[in-house]
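With chain A fixed as given, assemble chain B onto it according to the hints.
Spelled out from the first residue to the last, the chains are:
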Amino acid sequence: MTATIDIGLADVQMLVEEVWTSFLGADEPVLPAIEPGTPGGWSAAVTISGGWEAQCTVWLTEGGARAVTARMLMCDEADVTDDDLRDALGELVNMVGGNVKSLAASTASLSLPLVGHGDLTPASHLDEVVRLDLTWLGDPVRVSVHTPPEGADR
Amino acid sequence: MHALIIDDSRTMRRILRRTVADLGFDATEAEHGQEALDHLEDGLVPDICLIDWNMPVMDGYTFVTKVRADERWRGVTLMMVTTESEHGRIVKALAAGAHEYVIKPFTPDAIAEKLELLGLVPGEVPA
Numbered sequence: 001m002t003a004t005i006d007i008g009l010a011d012v013q014m015l016v017e018e019v020w021t022s023f024l025g026a027d028e029p030v031l032p033a034i035e036p037g038t039p040g041g042w043s044a045a046v047t048i049s050g051g052w053e054a055q056c057t058v059w060l061t062e063g064g065a066r067a068v069t070a071r072m073l074m075c076d077e078a079d080v081t082d083d084d085l086r087d088a089l090g091e092l093v094n095m096v097g098g099n100v101k102s103l104a105a106s107t108a109s110l111s112l113p114l115v116g117h118g119d120l121t122p123a124s125h126l127d128e129v130v131r132l133d134l135t136w137l138g139d140p141v142r143v144s145v146h147t148p149p150e151g152a153d154r
Numbered sequence: 155m156h157a158l159i160i161d162d163s164r165t166m167r168r169i170l171r172r173t174v175a176d177l178g179f180d181a182t183e184a185e186h187g188q189e190a191l192d193h194l195e196d197g198l199v200p201d202i203c204l205i206d207w208n209m210p211v212m213d214g215y216t217f218v219t220k221v222r223a224d225e226r227w228r229g230v231t232l233m234m235v236t237t238e239s240e241h242g243r244i245v246k247a248l249a250a251g252a253h254e255y256v257i258k259p260f261t262p263d264a265i266a267e268k269l270e271l272l273g274l275v276p277g278e279v280p281a
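Residue numbers (this note's numbering), protein chains in the order written: chain A, 1 to 154; chain B, 155 to 281.
Chain A on its own, in the form it takes in the complex:
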């Protein structure tokens, strides 16, 4: 049996900001987007299962994903390979998902991250409960949390 847990937008935003600041620097914070854009490009997801079911997904543009990776690896964007990018975005979503899991305060397990070029659409039985449209270095960033609908058969 899994629990139904309300995840607050403000809580998720705070932890995303913490991940960004810790690993990408405090000089260029991730900010709420005034006009949400469509990231496209790359997406990374982790699923939470066990005591609570959810999927956390981060979407970035191609340029944003390369900038994130270069910052994390402290290298030039021109030197970033797609393998570097998959690994860095996987770690990024792992930290976001792990901290979202902690908000649920339940015994659940985090999957290894899945990273892809394009859209990692969450499973069809999950509803979006949090969507953060953000901007970093002028590029759109989206973070979402999907959970089963309340009262769904689990």
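No lab work stands behind these hints, which were simulated from the structure alone. Just so you know, not all the hints are guaranteed correct.
The list that follows gives simulated cross-link-like pairs (lysine to any residue, SDA-like), each with its CA atoms no further than 20 Å apart [said to hold, decoys possible]: (1) 268/B with 254/B; (2) 268/B with 178/B; (3) 246/B with 102/A; (4) 246/B with 107/A; (5) 246/B with 51/A; (6) 246/B with 108/A; (7) 268/B with 22/A; (8) 220/B with 183/B; (9) 246/B with 230/B; (10) 246/B with 109/A; (11) 246/B with 213/B; (12) 268/B with 180/B; (13) 246/B with 208/B; (14) 220/B with 189/B; (15) 220/B with 182/B; (16) 220/B with 180/B; (17) 246/B with 22/A; (18) 220/B with 246/B; (19) 268/B with 245/B; (20) 220/B with 260/B; (21) 268/B with 230/B.
Covered stretches of chain B, going by a simulated chain A footprint (3 or more residues, C-beta under 8 Å) [as the list claims (entries may be wrong)]: (22) 235-246; (23) 250-256; (24) 259-266.
By construction, the Cβ of each residue, glycine as well, lies at the ideal position given by its N, Cα and C atoms.
This is chain B only, laid out in the frame that chain A set:
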């Protein structure tokens, strides 16, 4: 001083290597617990292991239990560095023999403070 960094993310291994290098550590990397155990079996004697929890092949918790079960590695300090922040997980890791626990995301200062607490880097001299 020597650190064994155990994390399936190459990015995180590089971040941790850079962090501990700034504190005067050399480092060896492993992608999972089994590879880290292989390093120990081959004679590596790290002063500290920095251990992720969720990894393929062998997770960090299993690595901690295996190291603590072997007399040869009694002197190795173990520190979890993981996104797993549930109280129960922290208690479980510490009970299994981990000395410290750092939750990702972390800052370099947080790692330095823990290593200082463990006596592996010198503390700041009071003014």
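Cross-check of the supplied hints:
no. : hint             : result
1   : 268/B with 254/B : 7 Å, holds
2   : 268/B with 178/B : 15 Å, holds
3   : 246/B with 102/A : 16 Å, holds
4   : 246/B with 107/A : 13 Å, holds
5   : 246/B with 51/A  : 17 Å, holds
6   : 246/B with 108/A : 15 Å, holds
7   : 268/B with 22/A  : 17 Å, holds
8   : 220/B with 183/B : 18 Å, holds
9   : 246/B with 230/B : 18 Å, holds
10  : 246/B with 109/A : 15 Å, holds
11  : 246/B with 213/B : 14 Å, holds
12  : 268/B with 180/B : 17 Å, holds
13  : 246/B with 208/B : 14 Å, holds
14  : 220/B with 189/B : 13 Å, holds
15  : 220/B with 182/B : 19 Å, holds
16  : 220/B with 180/B : 24 Å, violated
17  : 246/B with 22/A  : 26 Å, violated
18  : 220/B with 246/B : 14 Å, holds
19  : 268/B with 245/B : 17 Å, holds
20  : 220/B with 260/B : 26 Å, violated
21  : 268/B with 230/B : 15 Å, holds
22  : 235-246          : holds (count 6)
23  : 250-256          : violated (count 0)
24  : 259-266          : holds (count 3)
Against the hints set out earlier in the document, violations occur for numbers 16, 17, 20, 23.
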